[in-house]
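K.L.:
Now for the letters of each chain:
Protein chains: 2
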Amino acid sequence: MTLARSPLAPDAFPDLPVIDGVRFATVAAGVRYEGRTDVMLAELAAGTAIAGVFTRSATRSANVLDCQAKLGQDASGPAAIIVNSGNSNAFTGKHGDGSVAAICDAVTDHLGTPNTRVFTSSTGVIGERLPHDKITGKLGDLTAALHPEGISDAALAIMTTDTFPKGATTRCDIDGQTVTLAGIAKGSGMIAPDMATMLVYIFTDAVITQSDLQGLLSKHTDTTFNAITVDSDTSTSDTLLLAATGASGVDVTGNAGFEAALHNIMRDLAHQVVRDGEGATKFVEVTVTGAATDADAKTVALSIANSPLVKTAIAGEDPNWGRIVMAVGKSGAKADRDLLSIRFGDVLVAENGWVADNYTEAAGAAQMKPQDIAINVDLGIGDGTATVWTCDLTKTYIEINADYRS
Amino acid sequence: MTLARSPLAPDAFPDLPVIDGVRFATVAAGVRYEGRTDVMLAELAAGTAIAGVFTRSATRSANVLDCQAKLGQDASGPAAIIVNSGNSNAFTGKHGDGSVAAICDAVTDHLGTPNTRVFTSSTGVIGERLPHDKITGKLGDLTAALHPEGISDAALAIMTTDTFPKGATTRCDIDGQTVTLAGIAKGSGMIAPDMATMLVYIFTDAVITQSDLQGLLSKHTDTTFNAITVDSDTSTSDTLLLAATGASGVDVTGNAGFEAALHNIMRDLAHQVVRDGEGATKFVEVTVTGAATDADAKTVALSIANSPLVKTAIAGEDPNWGRIVMAVGKSGAKADRDLLSIRFGDVLVAENGWVADNYTEAAGAAQMKPQDIAINVDLGIGDGTATVWTCDLTKTYIEINADYRS
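These protein sequence lines are chains A and B, in that order. For the first sequence, my numbering begins at 124 and goes up steadily by one. For the second sequence, my numbering begins at 124 and goes up steadily by one.
By construction, these hints were calculated from the structure, which means they are not laboratory data. Certain hints may be false.
The list treats identical chains as interchangeable, and a pair is accepted whether it falls inside one copy or across any two copies.
What the hints assert, rightly or not - For lysine-lysine, the following BS3-like pairs were computed, each having C-alpha atoms within a straight-line distance of at most 27 Å:
| id | residue 1 | residue 2 |
| --- | --- | --- |
| 1 | 457 | 492 |
| 2 | 518 | 342 |
| 3 | 457 | 193 |
| 4 | 193 | 217 |
| 5 | 342 | 193 |
| 6 | 492 | 342 |
| 7 | 518 | 193 |
| 8 | 217 | 457 |
| 9 | 257 | 193 |
| 10 | 518 | 217 |
| 11 | 257 | 217 |
| 12 | 518 | 492 |
| 13 | 342 | 457 |
| 14 | 257 | 457 |
Here the structure is a predicted model, which is why all the values come from computation and not from measurement.
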């Protein structure tokens, strides 16, 4: 099926800068799709620090297991990231392990990278054997095509049911010197906390150790990629890699500006994934305050964001706050009917266990009309807060997933 | 909107027997709906034992709170159950408590039942004040109309988005004497474990104490009403009441035949609720075996049964077992990719971490064609087992819930 570009897509793909120390190449290997690129290779300069966060699925793919085993090992040599779309290489048994090994060996042969510094991702259909020969057979072409400006093409090569490529960039100035970050992502369905069918690659020329980089990445995943949900389903392949080449010569260790920039690019890419949620017509920010703990706040926020009844009401532009009450109640978090208040945007809808005195259905309905919607719930119990992002649930989601073997 | 009768509905409503000691009446009070009955009253003979199970939602309705407070108190007098559809009286603040009190008082006035023996339920829209005067104003008519054969009419009066009334009956013979059970239920959306927008009333002429009756009801709820899910959303109003009038004179204390009959009628009604799942075209039984514990097995079974990607694949008759693997992996239960096996019906689909040797897509697809589908997962780890029931997720679910204020 041909999917229309999401109505929530950004106007244009951003102009992504070169990150010194990274070169990209893409190729059409015909893994599953015809007439498009489906493999991207990123070559990383010697000494690049690489951090990663992965799906916690008990049935995660061979690629994810391989990446996890390699993370944090010796970082002195050059490194590479190679990604294919069309086939996830998940639940492919021993064959899957073999495919990963074959791809890593081929990259090592062509780029001279140590095998332990080659990271692979695969995304697409689960349970079908990855035709890795199609990928390894293209490594000569890929190696020859490596160039510093290829990141935008890489964003296209990793797409599956995505309706637009996802990219973001930011900079930060540290003592008059500039550190640059640029990243790409894919993902539109099977998106839920604990990562999702989401692949994200972020590159920076900052100087930082692997362990410090890992600390920052893990810290900010909770409030970015692990705070989005499209359909509550969690992929077997989720991979987020952050590579710091050090080519800027600027040490960012302990720098708050770099940390803020990293958070922003992670949140930007996470939001783009939600904006490409399968069938989405609304981008929804759910903020919960006043919970007993931050964890309770996130539980309530996700209960709202994952509720099919809430999501279908939003699709219908129905200010159905009763369903918010339902989702709060079922979450398992501490809540009290009479302390709870609900706002759509800044419109107070419910408080003191009932609809607010001045609330009108028209005022609520007006808040449901824009593409971007805010649901704010205060539990009135403590200081716990959380924000998550989701999209609505429409007939198009059903169409895509009832008819498409993803 | 007018909803078509579910394709999964039984051919006909069963012929429900009279339960000695119970009389029913229904009336069109105009709470919300026009041109149909929307209140049912059941009068129960003095001494009737009443057991109950309710939603665990933190935002449960005033009616539920009132029922819970009354359960297990003095059972010597007559009792009554009164139910309205169209308005759930949930999240209606202090007004909600007042409505329950007014309805209970009116029943006490007309039937002479102690106030602590009057149980109320309300189902329908959340957050709108219940016009209880419309109900109390009809109590004279209701009282005059009470008759033993009214249970089928009661099943109609409690419907909301249901497309068919739900009823079941069974008997058991104990030492040559017969004990009879008959029950009715409503529910089609907002159905998930921890009960659902589900109201269930089961009546029997058995002799049994309230505490023994409660023990049986609680025990069998886990494997019946708390083992079904339509959309993972849990209602604020779920109520299951079981009333034993004792009119048969047959003591069922500790009798395995009665317990089996009770389990069967509970499961029968639970299945009917799933068969009326909003937009459902498939009835799906998910059985998990070989889990570390029974609790783990239920976690995995519900993860599969609640997965939008699994449910849309079933709607599309797509034997997409990769999504089953995903749902197992995300559940949080202990699982091992290489020990897991998956069957559609009796067709072995996957084992040893990959697709089964003899599996063909045609064989899997054939298992997806019938209205009733079985998904069987063995985790290969321990002895834990669980079975849950669900339905598929279709565009009609979206239509109903994006356009209907329920």
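K.L.:
Would you pick out the hints that fail for this structure and give their numbers low to high?
P.N.:
1, 2, 6, 7, 10, 14
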